[in-house]
Each structure stands twice: as structure tokens, then as C-alpha cells.
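Chain residues, written in single-letter form:
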Amino acid sequence: GAGVSQSPSNKVTEKGKDVELRCDPISGHTALYWYRQSLGQGLEFLIYFQGNSAPDKSGLPSDRFSAERTGGSVSTLTIQRTQQEDSAVYLCASSTRGGRERFFGPGTRLTVL
Amino acid sequence: QQQVKQSPQSLIVQKGGIPIINCAYENTAFDYFPWYQQFPGKGPALLIAIRPDVSEKKEGRFTISFNKSAKQFSLHIMDSQPGDSATYFCAAGLTGNQFYFGTGTSLTVIP
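Listed in order, the protein sequences are those of chains A and B. Okay, so the first sequence: first residue is 7 according to our numbering, each after it adds one. Okay, so the second sequence: first residue is 39 according to our numbering, each after it adds one.
The reader is advised that the hints may include incorrect statements.
Just the calculated beta-carbon pair ranges, DEER-fashion [to be verified]:
{"hint": "1", "chain 1": "B", "residue 1": "Gln52", "chain 2": "A", "residue 2": "Gly34", "range": "40 to 46 Å"}
{"hint": "2", "chain 1": "A", "residue 1": "Thr84", "chain 2": "B", "residue 2": "Ile148", "range": "40 to 46 Å"}
{"hint": "3", "chain 1": "A", "residue 1": "Leu119", "chain 2": "B", "residue 2": "Ser144", "range": "35 to 41 Å"}
Bear in mind the hints are in silico, worked out from the structure with no lab data behind them. All C-beta atoms, glycine included, are put in the ideal place defined by N, C-alpha and C.
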């Protein structure tokens, strides 16, 4: 079946612009996660959605970052007023309720010039 | 503070060798220890996972060794192949949603 998809695959933007990154989780997966992967770094947790519960936003690095999940499915990560340090690969993952395995998408590579 | 410490950062072995990647943790509440494999341009994918009530788990050429008293676990790849060249992440999970990933190990297997 279809896996997690993310779009765009690559995004180049200028410092100060806003960007939106999209994630389509696996159908039926109630949990959705966003991670950031920087060169030489691990996977930095950003935000977690589980069903209709309030999201866990504890990993968002600043108030320029926000995310929403519409209809319990598609999620959008928005970065406002992008900075060069935001350049990274943004990964989305989904899992079943209570499932420990994360299914990752291919990521969006963001470059802020 | 890095919850899971992973080493080495990079590793080069000859085909047929046995690369070993090590991870250490402090929080004894962790109850799930997966390893993820990531190829360039792809997202990480679950390779193998272990729970703290066992000391070893083997799946094909991949083995996790777990030392609960030392709070360490490691990944061994038997008879490594060039196709195993990838980045490997260890992680530790708490009951519920929270995972903590290591910083990754870039493995290169030379033909």
C-alpha cells in the first residue's frame, strides 16, 4: 500500500519568507509526527498529533514554527520568517494508535538562502 | 541533553566485515529500543527492535545486543554487504509517544 508522502521534496526559499510543508500519512494511521534532521544531527522531534487530542508541541524550536492536521489526516508544517538555521530535512512519520513503529516519509529538504 | 548517545559517527568496513554501532542511555524508564536504517534521499525505516527483557535479538544478518545493567545496546551486522551502506539510528522509547533518537552512524561497506 501507499506509504507516507511528503511535498515538496525540495524547497529553496529566501530568508524571511514563509514556507509550508505537507505530509500525507498512511491511511488509517492516527498518530503523526514531524521531525527535523540537520547535518550531523539526529532526528529532532518537533510535534506529535494523535487522533483528535491536543497536539504535543513540546519540540517546536520557536513560535515561528506551527503545524496543523486537518480531518485527522493531512498535516502541514509552517515555518514563518525563515532563517538560515532552519535549513534541514523535515521528516514526517505516522503510526497506528499505540504502535511503536514509525513509518517515515522521504522528507522535504528545505534550503534557506 | 542528548538522551541517547550513539557512536561512532561514521564507520568504514570491508565487505564481509562485522560493523558494530553502539548506543547508551541513562533513563531506565525506556522500554523499547529500535534501530532505523536510512538510505540517501529516503526516510528512515525500522530495521530491528528490542525490549529490555531480552539480551539479544537477531533478524537475518542484523543482531541487537542489549546490556540492561550497563544501559547500552548495540547493532551488529554480520557478513556486511555494500548494500548495507546507509545511516543507522538507534532510538529509545518511553511508553506512549516519545522517542529519542541517536545522532546517527554513517556506514560505508567497501566491495
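Right, here's what the structure says about each hint:
1. A beta carbon spacing of about 43 Å between Gln52(B) and Gly34(A) agrees with the range 40 to 46 Å that was offered as a hint.
2. Our hint of 40 to 46 Å for Thr84(A) and Ile148(B) holds, since their Cβ atoms are close to 43 Å apart.
3. Take Leu119(A) and Ser144(B): their Cβ atoms lie about 26 Å apart, and the range 35 to 41 Å is violated.
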